[in-house]
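Q: Build the full structure now, drawing on both the sequences and the hints.
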Amino acid sequence: MKQKLTVIAGTNASGKSGLGVKLAKAFDGEIVSADSRQVYVGMDLGSGKITREEMEGVPHHLLDVRRPGEFFSMADFQALAYEAIDDILARGRHPFLVGGTGLYIDSVTEGYVLSDKKPDAALRARLETYATPELYAMLRERIPETDIDPKNRHRVMRALEKLAAGDEGPAPRQPRYEVLKLGVTWPREILKKRIDERLERRLREGMAEEVQAMLDAGVSGEFLVKLGLEYKYLTWYLTGKMGYEEMKEELAAAIKRFAKRQMTWFRKDPRIIWLDMEGDPVAEAGALIRNFLGGAAEAGMPGNS
RNA sequence: AGGGCAAUGGUGUAAUGGUAACACGUGGGUCUCCAAAACCUUUGUUGAGGGUUCGAGUCCUUCUUGCCCUG
Numbered sequence: 002m003k004q005k006l007t008v009i010a011g012t013n014a015s016g017k018s019g020l021g022v023k024l025a026k027a028f029d030g031e032i033v034s035a036d037s038r039q040v041y042v043g044m045d046l047g048s049g050k051i052t053r054e055e056m057e058g059v060p061h062h063l064l065d066v067r068r069p070g071e072f073f074s075m076a077d078f079q080a081l082a083y084e085a086i087d088d089i090l091a092r093g094r095h096p097f098l099v100g101g102t103g104l105y106i107d108s109v110t111e112g113y114v115l116s117d118k119k120p121d122a123a124l125r126a127r128l129e130t131y132a133t134p135e136l137y138a139m140l141r142e143r144i145p146e147t148d149i150d151p152k153n154r155h156r157v158m159r160a161l162e163k164l165a166a167g168d169e170g171p172a173p174r175q176p177r178y179e180v181l182k183l184g185v186t187w188p189r190e191i192l193k194k195r196i197d198e199r200l201e202r203r204l205r206e207g208m209a210e211e212v213q214a215m216l217d218a219g220v221s222g223e224f225l226v227k228l229g230l231e232y233k234y235l236t237w238y239l240t241g242k243m244g245y246e247e248m249k250e251e252l253a254a255a256i257k258r259f260a261k262r263q264m265t266w267f268r269k270d271p272r273i274i275w276l277d278m279e280g281d282p283v284a285e286a287g288a289l290i291r292n293f294l295g296g297a298a299e300a301g302m303p304g305n306s
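Per my numbering, residue 2 is the first one in the first sequence, and the count goes up by one each step.
Check each hint, because a few of them may be wrong.
Computed Cβ-Cβ distance ranges for the label pairs, DEER-style [said to hold, decoys possible]:
#1 Thr130 to Ala91: 42 to 50 Å
#2 Val42 to Glu129: 25 to 33 Å
#3 Glu223 to Arg156: 18 to 26 Å
#4 Arg141 to Phe259: 18 to 26 Å
#5 Phe224 to Pro176: 29 to 37 Å
#6 Gly229 to Ala172: 24 to 32 Å
FYI, nobody ran anything at the bench for these hints, they're computed from the structure.
As the structure is a computational prediction, the values presented were derived from the model and not from experiment.
Just so it is clear, CB atoms sit at the ideal spot from N, CA and C, and this is done for glycine as well.
A: Given below as structure tokens:
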């Protein structure tokens, strides 16, 4: 019998972190973050990382596990998440996987069996000198029936890298947990408003200063730009590429676009049970989790108390 | 007040008088190793009126709006 994992997936600014804390407290749980940027030390405001106070004593895992500039991929995430979840379960507590990076969540809940071939920096540097169509032609030469998107440079390069390391195609999935997936979002107009307000607040709280401090500490602008959104636009602003108002406007639009893509990802997952955030999501989720866990593991009533 | 310039999708631009286009955005979607990434796809436009012409975004004219110069 597989052990149980509760997932709280949601868009930006949806309130999933706060909900996660409430539910973890009610069900003797711990949080495993599923976010590709909150893994970095010092990326707090920009990544929307939960603060120490907001955690209310609930242990959080997979935050601050890399230094800015260090490489981190889905494979790294999956390995660390398995480790954290198994550890939580071994201690008899309940794991909550909370985050907005759909691919990372799926890598754990769907049990992707990933290649053990590590990224090869030297090979990648060599592949970087080719145009994407050339890379795709090289891939077709080896695997004529490949279904990789010819225009997706990242994927084509990774496929070539795996081939070079002697790897074959993808292995069948091996899910290792019984999963309850809860979804958190808002009607589009409300979500947009929440995103704007949250952006304003974070700028007031020193989000630009946070990025400046990283630049001052020698973190490369190229790395920050590659992280996208907050780090990308703030780096552009701080290095004089764009003005403050322009940055704010384009960043707000980019975050909304990202929220749309998050929803596109989550919507296709029929297992997600969407909570009514305008109702009482804690009570609604509490009932679902109680049922999922069979009632035995509950440590207290979920709710306002 | 006079003179000049401009007005094209949500935004920025393109179109020898001959099928109004491109980028970004919006909406939808794809995605098993850089994923807050990369990619696919849809949508929508000539400021208002009149004139010339087989045919006007393009030429003429009136109006409206904006910008610049002079006072």
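Q: Okay, glycine 229 versus alanine 172 on CB: inside 24 to 32 Å?
A: holds (29 Å)
Q: Do the Cβ positions of threonine 130 and alanine 91 conform to the proposed distance bound of 42 to 50 Å?
A: holds (47 Å)
Q: For the range 29 to 37 Å, tell me whether the beta carbons of phenylalanine 224 and proline 176 fit it or not.
A: Since phenylalanine 224 and proline 176 have Cβ atoms about 33 Å apart, the given range 29 to 37 Å holds.
Q: Do the Cβ positions of arginine 141 and phenylalanine 259 conform to the proposed distance bound of 18 to 26 Å?
A: Violated, since arginine 141 and phenylalanine 259 (Cβ atoms, about 32 Å apart) do not stay within the stated range.
Q: Taking 25 to 33 Å as the stated bounds, is the beta-carbon spacing between valine 42 and glutamate 129 within them?
A: Taking Cβ atoms as reference, valine 42 and glutamate 129 lie about 28 Å apart, which means the hint holds.
Q: Given the hint of 18 to 26 Å, check if glutamate 223 and arginine 156 actually sit that far apart at their C-beta atoms.
A: Taking Cβ atoms as reference, glutamate 223 and arginine 156 lie about 21 Å apart, which means the hint holds.
Checked against the numbered hints given earlier, the structure breaks only hint 4 and satisfies all the rest.
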